[in-house]
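Undergrad: Model the placement of chains B and C on the given structure of chain A, informed by the hints.
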Amino acid sequence: MFLNNGWYVLGFSNEVGPELLARTVLNQDIVAFRDANGRVRALEDRCCHRAVPLSLGKVRPEGLECGYHGMVFNGDGRCVFILGQSDISATACVRAYPLVERAEFLWIWMGDPALADEAQIPVIPFDSASWRVGRMKVTVQCDYLLLLENLMDLTHLPYVHSATIGSGQADSHGAAEMTVERTQTGTHLRRVMRNIAPPETFAALYGANGLIDRWQDLQFISPSIVLQCSGFCNAGELDETNAPNSGQIYYIVHGITPETDTSCHYIASMADKMPPSDDQSAALQKVFQEDIQVLEAQQRSIARTGKNRLVSIRSDRARIELNRFVERALAEEAKASQTDLVLEALV
Amino acid sequence: MFLNNGWYVLGFSNEVGPELLARTVLNQDIVAFRDANGRVRALEDRCCHRAVPLSLGKVRPEGLECGYHGMVFNGDGRCVFILGQSDISATACVRAYPLVERAEFLWIWMGDPALADEAQIPVIPFDSASWRVGRMKVTVQCDYLLLLENLMDLTHLPYVHSATIGSGQADSHGAAEMTVERTQTGTHLRRVMRNIAPPETFAALYGANGLIDRWQDLQFISPSIVLQCSGFCNAGELDETNAPNSGQIYYIVHGITPETDTSCHYIASMADKMPPSDDQSAALQKVFQEDIQVLEAQQRSIARTGKNRLVSIRSDRARIELNRFVERALAEEAKASQTDLVLEALV
Amino acid sequence: MFLNNGWYVLGFSNEVGPELLARTVLNQDIVAFRDANGRVRALEDRCCHRAVPLSLGKVRPEGLECGYHGMVFNGDGRCVFILGQSDISATACVRAYPLVERAEFLWIWMGDPALADEAQIPVIPFDSASWRVGRMKVTVQCDYLLLLENLMDLTHLPYVHSATIGSGQADSHGAAEMTVERTQTGTHLRRVMRNIAPPETFAALYGANGLIDRWQDLQFISPSIVLQCSGFCNAGELDETNAPNSGQIYYIVHGITPETDTSCHYIASMADKMPPSDDQSAALQKVFQEDIQVLEAQQRSIARTGKNRLVSIRSDRARIELNRFVERALAEEAKASQTDLVLEALV
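Heads up: the sequence lines are chains A, B and C, in that order. Residue -16 is where the first sequence starts when you use our numbering, and the numbers rise one by one after that. Residue -16 is where the second sequence starts when you use our numbering, and the numbers rise one by one after that. Residue -16 is where the third sequence starts when you use our numbering, and the numbers rise one by one after that.
You may find that some hints are simply not true.
Distance windows between CB atoms, simulated [as the list claims (entries may be wrong)]:
| id | chain 1 | residue 1 | chain 2 | residue 2 | range |
| --- | --- | --- | --- | --- | --- |
| 1 | A | Gly21 | B | Asn178 | 38 to 46 Å |
| 2 | B | Asp110 | A | Val121 | 55 to 63 Å |
| 3 | C | Arg292 | B | Asp323 | 14 to 22 Å |
| 4 | C | Gly151 | B | Thr122 | 32 to 40 Å |
| 5 | B | Pro259 | A | Arg61 | 47 to 55 Å |
| 6 | B | Glu223 | A | Leu324 | 53 to 61 Å |
| 7 | B | Pro259 | C | Arg297 | 51 to 59 Å |
| 8 | A | Glu279 | C | Ala19 | 26 to 34 Å |
| 9 | A | Asn10 | C | Lys120 | 36 to 44 Å |
Heads up, simulated BS3-like pairs for lysine-lysine below, C-alpha to C-alpha not over 30 Å straight-line [as the list claims (entries may be wrong)]:
| id | chain 1 | residue 1 | chain 2 | residue 2 |
| --- | --- | --- | --- | --- |
| 10 | C | Lys41 | A | Lys269 |
| 11 | B | Lys256 | B | Lys269 |
| 12 | C | Lys120 | C | Lys256 |
| 13 | A | Lys120 | A | Lys256 |
| 14 | B | Lys41 | C | Lys269 |
| 15 | C | Lys41 | A | Lys290 |
| 16 | A | Lys120 | A | Lys41 |
| 17 | C | Lys290 | B | Lys41 |
| 18 | B | Lys269 | A | Lys41 |
| 19 | B | Lys290 | A | Lys41 |
| 20 | A | Lys290 | A | Lys120 |
| 21 | C | Lys290 | C | Lys120 |
| 22 | B | Lys318 | B | Lys120 |
| 23 | B | Lys256 | B | Lys318 |
| 24 | B | Lys290 | B | Lys120 |
| 25 | B | Lys269 | B | Lys290 |
| 26 | A | Lys290 | A | Lys318 |
| 27 | C | Lys120 | C | Lys41 |
Don't read these hints as lab results, they were simulated from the structure. Cβ atoms here follow ideal geometry from the backbone N, Cα and C, with glycine treated the same way.
Okay, chain A solo, but in the shape it has when bound (with noise of 0.2 Å):
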């Protein structure tokens, strides 16, 4: 059960053209492409004649050509070329989804065309002109909540990522201030540690040696991404609007989209104000790996033994509430689909 109207990050904008790019998104096989005007179109990736991938095949000036028998199809579709044959069906179509690139990420929406609104793409606080941008990209074989459940309970910062981001914090974060609540789009999480030790990662990416100040904000933006925005200052000068004048901030934008029922994309980008340099990507890939290594461990005892006889402990309120905002968009979507079907056996 996954929720459909919504825009899901299907990649960066630099994954496509003139290379195609193929993703399974929401257990769907689609392919986008770029097409004679520039603009990124994204089709289901399955032809119509023989059910062969699309992205087999070439990106020529009138749409996407099949790869086994040349059926092109444009970026609503529709088949516009058939060998040999001038006449060509209606029925000779793909389906075509909407698909919008900014800030430099492709938004998909997998549901009702009619309901996409590209005012519900999240807004990404930063760019890559005035701020470092480092990108991730990584397919993690678990439930996509399984991950959203990860990033909106980060006690386990000082155990898996101890060597990290998450260093000699076990205290810290069994102190830490914890804030939750529900907003119109998800679920916000703040998180204030004080007068603390700073983790090594802090140490090496941006010299932190004295204590510190260290906040940590996540917003759960339905259907599946987490805008973060965190830092930290020298202890005693953090205020509330998170914008120290000393330390620093850093923002990710983590885009986690089910693939299959069992596996997710981790499409992520991390933006601070830091010279360019190798070590943000290359400390970010350290801590996702350190992350997916326990997720994919949790997948596979979830597939055997499900979630019967699990407990709940005092840190998971801000994964509760977001489990609990899933449920509710999910029931509301299946019945707005119920209604459309009564409306239509009206009609």
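TA: Using the frame of chain A, we list chains B and C on its own:
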């Protein structure tokens, strides 16, 4: 659903003896061995004692010895030796399959042995004495029907084989003359393209340079052979007997034997009139690999999405005729086997 | 269907601690660790918080710490630490399994802990102080019963082990004297072959050359041990006490622990009276690999075709007795567990 009453290519003659040949055909594990008289015999590859594959065993003068406890089975599948035991029950036997060695192929009959008629084995119109013969054998991860259909719709050449046998040929294939007819044993497809530039493979293999007439004559012979006779000659010199006095003629026997529901053995022999060289087999391999890449992607796509919402186009005529033939044959076989059951019940 | 109320070999004593041991037994994921008192404890390998395997965690003085959010479980499976939370619910616990360390093996009880009786652990008739002991541990992709059956039908030696312990022995094995009896705890098989040439392994390992008497004494002890006492002596010098004053005696403990329905751990120890050398373990490995090749092929065959249409032969007596024992024990366990349910309902 496979046709059982028919001759399938199990492999090449020289694959058996002194070595065993273990191969799965129509979801059944088969072991073939050469008996003391030099005759190739085919048995169920499963000892009736503890279900161990007989192909782990050894050929003995009396038959095939199981590698676990030493039981020996003769070519009829009867057990003729049990260690330390002189009396042998008639129930100690494994299934034997009719097998005929002909034209350097092994032909196996998967249905009722009483119906196995050697006269139904397709006649191969060449031999390695007077032709240059190249061979190829590969297991393809697709339903055998996808491979048969591939051969019966040759408009795929300019796309799948754009670097080999179909290079620069889209317009020629779009304008090809096509004849399709139903035959007693399958489907006959004939295509002719006149006054065209030769594809790269013809130039490389046969030195073709000026404009040519090219013909493709393919006979699908049920249950699973395609006998191809193709060639080319100087433009304007083609007559309808396929016996041009210029250019080249070549044959391909495509033996396409189902392994499982989603895989098949592609066992093929190509004959032409050129002097011996490695180029022929290499060219065959390259072309087939181009097909295999598409077919395996098609199979994965169909496994995920089924065959619904597919449309046919004009060039599909032979493919559709092939599908109809197979469906009719399956229905007839099912009906005949039901009649058998009724007759048995009456007895 | 497995017997739960019984002691299985989980592994060797020296596999645990400082390292954890994670192993799946009877389809259940187990983690073993050595607690602060040096005692080996076995827990369900799944944190009750988010189902992550505890084997990703660390051993702490208080117990085993989960690698995700740091919850700590003691050897009884009770949670004794949650980060930032002082009160801990009694429901925060994981299953603990009775575990006994004895004779360099770890013995685990998979059923009702109230029934775990250490007196039922098989007595191992050797120790590494007075014997040369070699060890082997491998996971085999077959139902554990296939491996037990293999050990209880030794006419496979001249075929499966034709290059090692069964070389040149078909006639000898065909004429072996065999005694099979049901015991309180399993099945007892005794075989004697008199006046035979020694197999290659006896020549290589023990310098056997002239004619020998060879005996094989195997006790299947439910649920899943075979205790083997075998050996040989000069022809004519064997008495029935298995204590020949010439030749060699050796023991093998075959610990065969189901991992899943179609795989098992083969954990074995071999003891003889020779001076230390690597030859012993190497010989054991080689012989077991010969079995494994056959058993895994047998498993794949049974997975495809089931166990129907199989026949038994005369040498199967001990195997059949073993199967009967296991079936009876399974039926008794099922009945006892139903009685428990009825008694609970009455209370």
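Undergrad: Are the Cα positions of Lys120/C and Lys256/C separated by 30 Å at most?
TA: The hint holds at about 22 Å.
Undergrad: Checking one constraint from the list: CA of Lys41/B to CA of Lys269/C, max 30 Å. Satisfied?
TA: Holds, because 20 Å separates the two Cα atoms, which is no more than 30 Å.
Undergrad: For the pair we were handed, Lys256/B and Lys318/B, check the Cα-Cα distance against 30 Å.
TA: violated, 45 Å
Undergrad: Holds or violated: 14 to 22 Å for the Cβ distance of Arg292/C and Asp323/B?
TA: Hint holds: Cβ distance 20 Å, inside 14 to 22 Å.
Undergrad: Between Pro259/B and Arg61/A, does the beta-carbon spacing fit 47 to 55 Å?
TA: Given a distance of about 52 Å, which is inside 47 to 55 Å, the answer is holds.
Undergrad: Under the criterion that the straight-line Cα-Cα distance not exceed 30 Å, is the pair Lys120/C, Lys41/C satisfied?
TA: holds, 25 Å
Undergrad: For a C-alpha distance cap of 30 Å, please report whether Lys290/B and Lys41/A respect it.
TA: Given that 30 Å is the threshold and the Cα spacing comes to 23 Å, the pair holds.
Undergrad: Take the C-beta atom of Asp110/B and the C-beta atom of Val121/A, compute their distance, and say whether it sits inside 55 to 63 Å.
TA: Holds, since Asp110/B and Val121/A (Cβ atoms, about 57 Å apart) stay within the stated range.
Undergrad: Does the structure keep Lys41/C and Lys269/A at a Cα separation of 30 Å or less?
TA: holds, 20 Å
Undergrad: Assuming the hint says 51 to 59 Å, is it satisfied by the Cβ distance from Pro259/B to Arg297/C or not?
TA: holds, 57 Å
Undergrad: Is the Cα-Cα distance between Lys290/A and Lys318/A 30 Å or less?
TA: Given that 30 Å is the threshold and the Cα spacing comes to 26 Å, the pair holds.
Undergrad: For the pair supplied as a hint, Lys290/A and Lys120/A, confirm whether the alpha-carbon distance does not exceed 30 Å.
TA: OK: Lys290/A and Lys120/A at ~28 Å, within 30 Å.
The structure fails hints 22 and 23 (numbered hints given earlier, in ascending order).
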